[in-house]
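Trainee: As a plain string of letters, each chain reads:
Protein chains: 2
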Amino acid sequence: MTRSLTSVDSRCSIARSLEVLGQKWTLLIVREALAGRTRYAEFRARLGIAPDVLADRLGTLVEHGILERRAYREAGEREREEYVLTEAGRELTPVLVAMLEWGDEHRPTGYGSAALPVDTATGRSVRLAFVADDGREVAAHDVALVRGPGARPL
Amino acid sequence: MTRSLTSVDSRCSIARSLEVLGQKWTLLIVREALAGRTRYAEFRARLGIAPDVLADRLGTLVEHGILERRAYREAGEREREEYVLTEAGRELTPVLVAMLEWGDEHRPTGYGSAALPVDTATGRSVRLAFVADDGREVAAHDVALVRGPGARPL
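Residue numbers (this note's numbering), protein chains in the order written: chain A, 1 to 154; chain B, 1 to 154.
Only chain A is shown next, with the shape it has when bound in the complex (with noise of 0.2 Å):
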């Protein structure tokens, strides 16, 4: 049997999102999705994965409101579908960000950074931070997560 990540809390939000992020080659999917890529062969070429668990995870991509199918069609072949992530989709950057982030840190390849993230608009690189509702930066080390609202009763 294999148990669920939510069958003991189903409110927590993490548990609620590796249900669907948290399958092998889910967020490499997403990840070159961000890059631009939207087609099977590019998914295929790009990460090396096997064809029966790139479409299985495509279609829980699709499934869960990350990627839609979109039909396309080059001169003189068939009709194919594309794959073409959501807005639920494209906010799963600060997700990648934050992976990227501690993986540079702290499993450095010696290289220095394979991807850095831009401000499209200036080119200029940003980090991700915890900022309080006035703005103000607050550092990680001083973040705790608290029960909220939704919290499951004690």
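Read the hints as simulated data drawn from the structure, not as lab findings. Computed from a prediction, not measured in an experiment: that's the story for all the values here. Careful, some of the hints might be misleading.
[Claimed, not checked] Across the chosen pairs, the derived CB separations fall in these ranges: (1) Pro153(B) / Arg152(A): 25 to 33 Å; (2) Ser4(B) / Asp56(A): 17 to 25 Å; (3) Ala55(B) / Asp56(A): 27 to 35 Å; (4) Ala71(A) / Arg127(B): 18 to 26 Å; (5) Glu105(A) / Asp56(B): 18 to 26 Å; (6) Arg3(B) / Asp133(A): 43 to 51 Å.
[Stated by the list, open to error] A few chain A residues that face chain B, going by a derived Cβ cut-off under 7 Å, partial list only: (7) Arg11; (8) Arg16; (9) Ser17; (10) Tyr40; (11) Glu42; (12) Pro94; (13) Leu96; (14) Leu100; (15) Ser113; (16) Ala114; (17) Ala144.
[As the list claims (entries may be wrong)] Each computed EDC-like pair below joins lysine to aspartate or glutamate, with the alpha-carbon atoms no more than 16 Å apart: (18) Lys24(B) / Asp52(A); (19) Lys24(B) / Asp52(B); (20) Lys24(A) / Glu68(A); (21) Lys24(A) / Asp56(A); (22) Lys24(B) / Asp56(B); (23) Lys24(A) / Asp52(B).
Glycine included, every Cβ here is placed at the ideal spot set by N, Cα and C.
With chain A held as given, fit chain B onto it using these hints.
Mentor: Here is chain B on its own, set in the frame of chain A:
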């Protein structure tokens, strides 16, 4: 054969992070550790996770420097081990908060947030944001990932 997430691009920090963090249950164990849980029995009770899987994930987290084992002994009992977050482990807070914020937005429960990130100095809530070098906030939809200095040569 199980393919490695970094088999095609070993320089990608997202893939390198996911190699450690991407296994099922791992980030929920980190969530519990950030909430102050340190003991095997606490993780078991909070997550409803199978004993062999929990032991495996704790071992992986120790091996990769996210948790460290410490001995403790309660009066009249044998010495046991507990699992304490390292600095690298505590620095996973942004990864979990990014998952939390995405889940609250895109997989809502109807009860509101089950957990909130707060500034421990003031008790007030904080959120993740992209900031530029000058401290200016940049909207997530204006952020793109571009090739960094350590990217695999084209």
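Trainee: Taking the hints in turn, state whether each one holds.
Mentor: Status of the hints after comparison with the structure:
Taking the beta carbon of each, Pro153(B) and Arg152(A) are about 50 Å apart, not inside 25 to 33 Å as hinted. At about 18 Å, the beta-carbon gap between Ser4(B) and Asp56(A) stays in the expected band of 17 to 25 Å. Remark: the range hint 27 to 35 Å for Ala55(B) to Asp56(A) is upheld by a beta-carbon distance near 28 Å. The beta-carbon spacing between Ala71(A) and Arg127(B), approximately 38 Å, falls outside the hinted interval of 18 to 26 Å.
Glu105(A) and Asp56(B) have their C-beta atoms about 25 Å apart, which keeps the hinted 18 to 26 Å range intact. Checked against the given bound of 43 to 51 Å, the beta carbons of Arg3(B) and Asp133(A), roughly 44 Å apart, stay inside it. A distance limit of 7 Å between C-beta atoms decides the matter here; for Arg11(A) the minimum to chain B is near 4 Å, and the interface restraint holds. Because the beta carbon of Arg16(A) sits about 4 Å from the nearest beta carbon in chain B, less than 7 Å, this interface hint is met.
The beta carbon of Ser17(A) is positioned within 7 Å of a beta carbon in chain B (closest approach about 4 Å), and the interface hint is therefore held. For Tyr40(A), the shortest C-beta to C-beta distance to chain B is roughly 16 Å, which exceeds 7 Å, and the interface hint is violated. Taken as an interface hint, Glu42(A) does not check out: its beta carbon lies about 12 Å from the nearest beta carbon of chain B, beyond 7 Å. For Pro94(A), the interface hint holds, the least distance from its beta-carbon to any beta-carbon of chain B being 4 Å, beneath 7 Å.
At its closest, the beta carbon of Leu96(A) sits 6 Å from a beta carbon of chain B; the interface hint therefore holds under the 7 Å criterion. Because the beta carbon of Leu100(A) sits about 5 Å from the nearest beta carbon in chain B, less than 7 Å, this interface hint is met. With its C-beta approaching chain B no nearer than about 4 Å, Ser113(A) sits inside the 7 Å limit, and its interface hint holds. Below 7 Å, beta-carbon pairs count as interface contacts, and Ala114(A) has one with chain B at about 4 Å; its hint therefore holds.
For Ala144(A), the interface hint holds, the least distance from its beta-carbon to any beta-carbon of chain B being 5 Å, beneath 7 Å. Proximity of Lys24(B) to Asp52(A) is assessed by CA-CA distance (about 20 Å); at most 16 Å being required, the pair is judged violated. For the hint linking Lys24(B) to Asp52(B), the alpha-carbon distance of about 13 Å falls within 16 Å, and the restraint holds. For the hint linking Lys24(A) to Glu68(A), the alpha-carbon distance of about 20 Å lies beyond 16 Å, and the restraint is violated.
Proximity of Lys24(A) to Asp56(A) is assessed by CA-CA distance (about 11 Å); at most 16 Å being required, the pair is judged to hold. In summary, the hint linking Lys24(B) to Asp56(B) is supported, as the alpha carbons are separated by about 11 Å, within the 16 Å threshold. Pair hint Lys24(A) plus Asp52(B) does not hold up; C-alpha atoms about 20 Å apart against a cutoff of 16 Å.
Violation of the numbered hints given earlier is confined to hints 1, 4, 10, 11, 18, 20 and 23; the remaining hints are satisfied by the structure.
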